[in-house]
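With the sequences and hints as input, model every part of the structure.
So the sequence lines, in the order shown, correspond to chains V and U.
In case it helps, this note's numbering puts the first sequence at residues 263 to 689.
In case it helps, this note's numbering puts the second sequence at residues 15 to 521.
By construction, these hints were calculated from the structure, which means they are not laboratory data.
Ideal placement from N, C-alpha and C gives every residue a C-beta, glycine not left out.
Don't take every hint at face value.
Among chain V residues calculated to face chain U with C-beta under 7 Å, some are [stated by the list, open to error]:
hint : residue
1    : Asn-305
2    : Tyr-306
3    : Ala-352
4    : Asp-354
5    : Gly-583
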Amino acid sequence: MALEDYRSDMEMCCRCSICKFVPLEKLKEKQHSYVCPSIARYNYHTYSGGGRMGMGIAMLEKELEYDEKLLEVVYNCQMCGACDISCKYAMDMEVLEPINEIRIKCVEDGHTLPVLDSVINSLRTQGTMIAGSKARRGEWAAGLEVKDITKQQAKVIYHAGCRVCYDKDMWKVAKDAVKLLKVAGIDIGIAGESETCCGGRAYQMGYEVDFLNQAKKNMEMIKKSGAEILVTGCADCYYAFKVLYDKFDLKGNLEVLHITEYLARLIEEGRLKPTRKVNVKVTYHDPCHLGRLGEPYLHWEGKPVPGHIRIFDPPKEFRRGTYGVYEPPRDVLKSIPGLKLIEMDRIKEYAWCCGAGGGIKETNPEFAGWTARERIDEAESTGAEAIVTACPGCEQNFRDAIKENGSGLKVYDVVELLAKAIEKGGH
Amino acid sequence: MALKRELYQALEDVVGQENISEAAVILGSYAQRGRPRFEAVTLPKTTGEVQAIVRLCNRFKLQFKASSTGWGAYGDAGGPGVVKLDLRRMNRILEINEKNMYVVVEPYVIYAQLQAELMKRGLNCNITGAGSNCSALPLAAHQGIGHLSVSGSYGERNQLALEWVTPDGDIVRAGSLGSIGQWWCGDGPGPSLRGIIRGNVMPMGGLGVYTKAAQKIYHWPGPATFPIEGVSPHYRPSQIPPGFMIRYISFPSAEKLSQAAQKVGEAEIGFILMGFNPGMISANIATNNNEDLAYLKQFTESVQGPGFLIIMAGNSPRDTEYKKKALQQIIDEHNGQPLEAVEDPQNAGGFMWRFIRVTSSIREVARASGIFAGEVGGTDVFPLMHQYILRSSPVKQRYIDEGKLLADGTDPFVQSVEHGHAGHAELLIRFNKQDPESMKVAGEIAQFANKTAIEGHFGVPGHAWGDAVHNQYGPHTSNYHKWLRKFKKTFDPNAASESTNYITADD
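Right under this line is the structure:
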């Protein structure tokens with residue numbers, strides 16, 4: 263697909279502005295009613311989903327020259343997909359896909375940001391998006407006694423992800439995840455030093471070719487391992503393996519699960535029994551890539567039916583965020599004795615982004631921090647002691663924002679809290 | 015043309031560097047396809063900033079145009095030399111006065127936000143039929159007639175005091191605000207400016223900038239928040255609040271429909287009453303276009319003729335009982351027939367909330383093809399407006415038969431305003447905007463509606479904007495267009511307030 267393929271989608275935009283707000287049926291108060299960080303921060307219509315549709319058409323029509331401001335608009339977006347979901351409450355059109363294609367076009371035309379080039383260079387040379395990282399990729403798993411899938415067969419692969427592997431503060435989450443799976447008796451393995459980036463963020467930054475190269479490498483290794491299930495601890499990786507790899511027909515029969523999905527399943531099956539009390543009042547932040555963007559990819563090929571209504575032959579199903587992963591992380595939290603879960607105003611398909619996605623953490627840390635602060639304020643307003651999430655990217659960004667601005671709010675991964683609730687031996 | 019550096023710097027001094035842009039990528043997104051671009055876009059935060067921008071435009075002989083949420087091409091520049099004021103940063107609810115039942119808002123508060131805040135306090139507001147995504151400023155969203163107008167009136171009638179930056183940069187505080195600094199009255203003490211400021215259908219950004227306004231609000235007998243569950247787009251309430259009921263009733267003839275609607279008004283039982291056709295009901299429930307077509311077929315086959323959608327909201331069990339009985343009697347007396355799918359417990363709550371929050375107008379007008387048109391009738395006594403729309407609407411079927419429009423249930427819709435005190439009617443058309451023939455039809459339908467209105471003495475409809483249309487109606491309507499031009503000249507001596515969609519001072 264290319265930007266041109268989404269011309270008719272972009273032309274459908276009627277500039278109604280619903281892409282800027284949470285779905286209006288769900289709006290419960292003025293505060294926390296905006297859904298798109300980009301328009302909320304920068305205010306010009308251009309930064310909204312609708313504004314970006316107009317920009318895409320103008321680029322196709324060659325009405326816009328590449329300049330600094332164009333690139334600033336293009337890259338000041340977390341690619342969180344909130345605009346896409348709010349729009350599709352009412353409309354039959356793609357929004358996030360053309361926004362992604364705009365970035366791909368920028369890269370193809372040789373116009374991008376130097377910092378992104380440096381990140382991609384790291385991917386090309388070191389297999390990770392964490393440029394300049396000093397740690398060794400598999401070091402987090404030291405002492406875990408877990409299978410190395412490049413040498414041994416395992417039914418399940420745990421993919422830790424770049425953000426965990428290269429951040430010592432995140433190692434505990436990955437260790438806990440593996441320990442929990444082992445407690446449940448899962449035949450688990452990791453790729454250790456051989457694990458490389460999923461490539462998902464590269465795709466969302468517009469580097470399609472690099473993403474595809476990375477995806478092919480990963481799938482080659484996974485296929486060789488003979489594993490049937492891949493479990494990710496990171497929402498970005500989940501989106502890449504489950505949705506993007508499928509989009510490009512690379513996933514095959516591999517079952518992709520987020521760790522929270524797997525843990526919820528194991529709890530339901532009685533293979534994990536949270537019995538220890540964890541007395542904490544928490545609120546749950548839905549990571550964009552696990553929630554609204556985590557629903558399965560829908561393959562479709564067809565053409566529009568001529569006439570006065572936009573329908574297709576065969577009928578096209580749009581991904582509207584309906585089938586994202588919303589309940590499993592909540593189910594895990596609800597299974598923990600003593601834990602009290604309080605919901606924020608913006609949840610599930612219309613959750614406010616943590617701010618780190620789409621390359622923003624790298625290109626515009628100030629904007630990433632601003633977006634995180636908005637979420638932290640929202641979490642604090644619930645009266646919760648902690649914000650819990652299921653993505654290391656979100657966790658890092660929240661921690662950075664709290665460190666910079668101060669807040670008593672703690673940040674946890676769902677896995678960490680479950681680990682506290684599981685006695686040694688699984689019950 | 016680029017702005018003079020002196021002016022750009024002066025504008026930047028007013029709003030700050032972040033809040034002015036003349037970058038091509040920014041300007042492009044404020045011009046709908048093929049329309050002229052603004053010279054710069056500004057994002058003022060206060061009335062003082064708006065005033066300063068307006069004064070600078072006057073001084074440098076440029077035009078300006080303000081808009082809030084900006085749906086529709088009215089907010090676009092009519093030609094070169096126009097500076098945009100995007101009022102997005104003026105987004106505060108300034109006061110909710112529960113005791114005196116009014117609210118004061120800035121232009122970028124949307125109806126959904128306002129309604130949500132009001133419901134927490136047992137109050138509600140009228141919402142423009144275009145949807146709760148539109149500005150809640152009672153002067154921003156066209157006439158402001160909507161689903162709730164049967165019980166919650168509309169913009170012109172609800173508007174109270176306001177703050178207005180005139181086209182030449184004065185700040186006028188109209189109504190009680192101007193004399194005693196309070197918001198509760200739009201007309202004084204002192205002379206009222208309401209007619210001058212609003213005209214028939216609002217100046218559409220062509221007579222200065224409205225920066226704050228108060229409006230009347232109403233009692234809400236429902237819960238503080240509607241108990242909506244599910245994931246988009248499959249939202250519906252877990253339960254229908256006590257006292258609420260929804261029905262769609264079709265009638266054997268348009269005459270019976272009109273009589274029944276008037277009876278509903280006399281009985282004062284309607285919380286919402288909209289004379290929707292089956293196409294608007296199907297668009298409301300359908301989550302995509304394919305579903306829409308399927309529901310349209312089902313509903314069209316299930317109705318006996320034109321109908322209305324009614325939502326009732328009881329204030330007490332006795333009130334609810336009265337309303338139910340009254341409606342049943344009206345249905346019986348006018349041979350009405352319910353559309354069962356609407357009151358089906360699986361559907362009723364979802365329908366109800368979508369109509370109360372007015373979330374589905376986008377589905378109804380834009381989902382089919384991204385564009386819609388038609389005619390926006392006037393506001394006069396209910397039977398007159400009903401007659402007008404019936405006389406002007408058959409042309410739609412002709413174009414449907416010719417394949418130039420979507421066959422979406424050809425009935426226009428007519429609605430009751432203030433419990434039948436007045437009525438309002440519209441005719442919606444949807445079509446493929448890539449088809450030049452269909453685009454032409456949109457203009458032809460509007461022209462046919464104008465001819466019908468003038469020849470039938472139906473008054474000036476709500477779609478009268480721009481010089482040509484006002485010139486057409488004016489001579490038949492007390493030469494009102496000459497008055498509009500006098501207002502324009504008087505308040506806008508430098509023609510600084512861009513008024514392509516209102517009226518220009520040129521005779």
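Handout entry: Which numbered hints fail
Key = Checked against the structure, no hint fails, so every one of them is satisfied.
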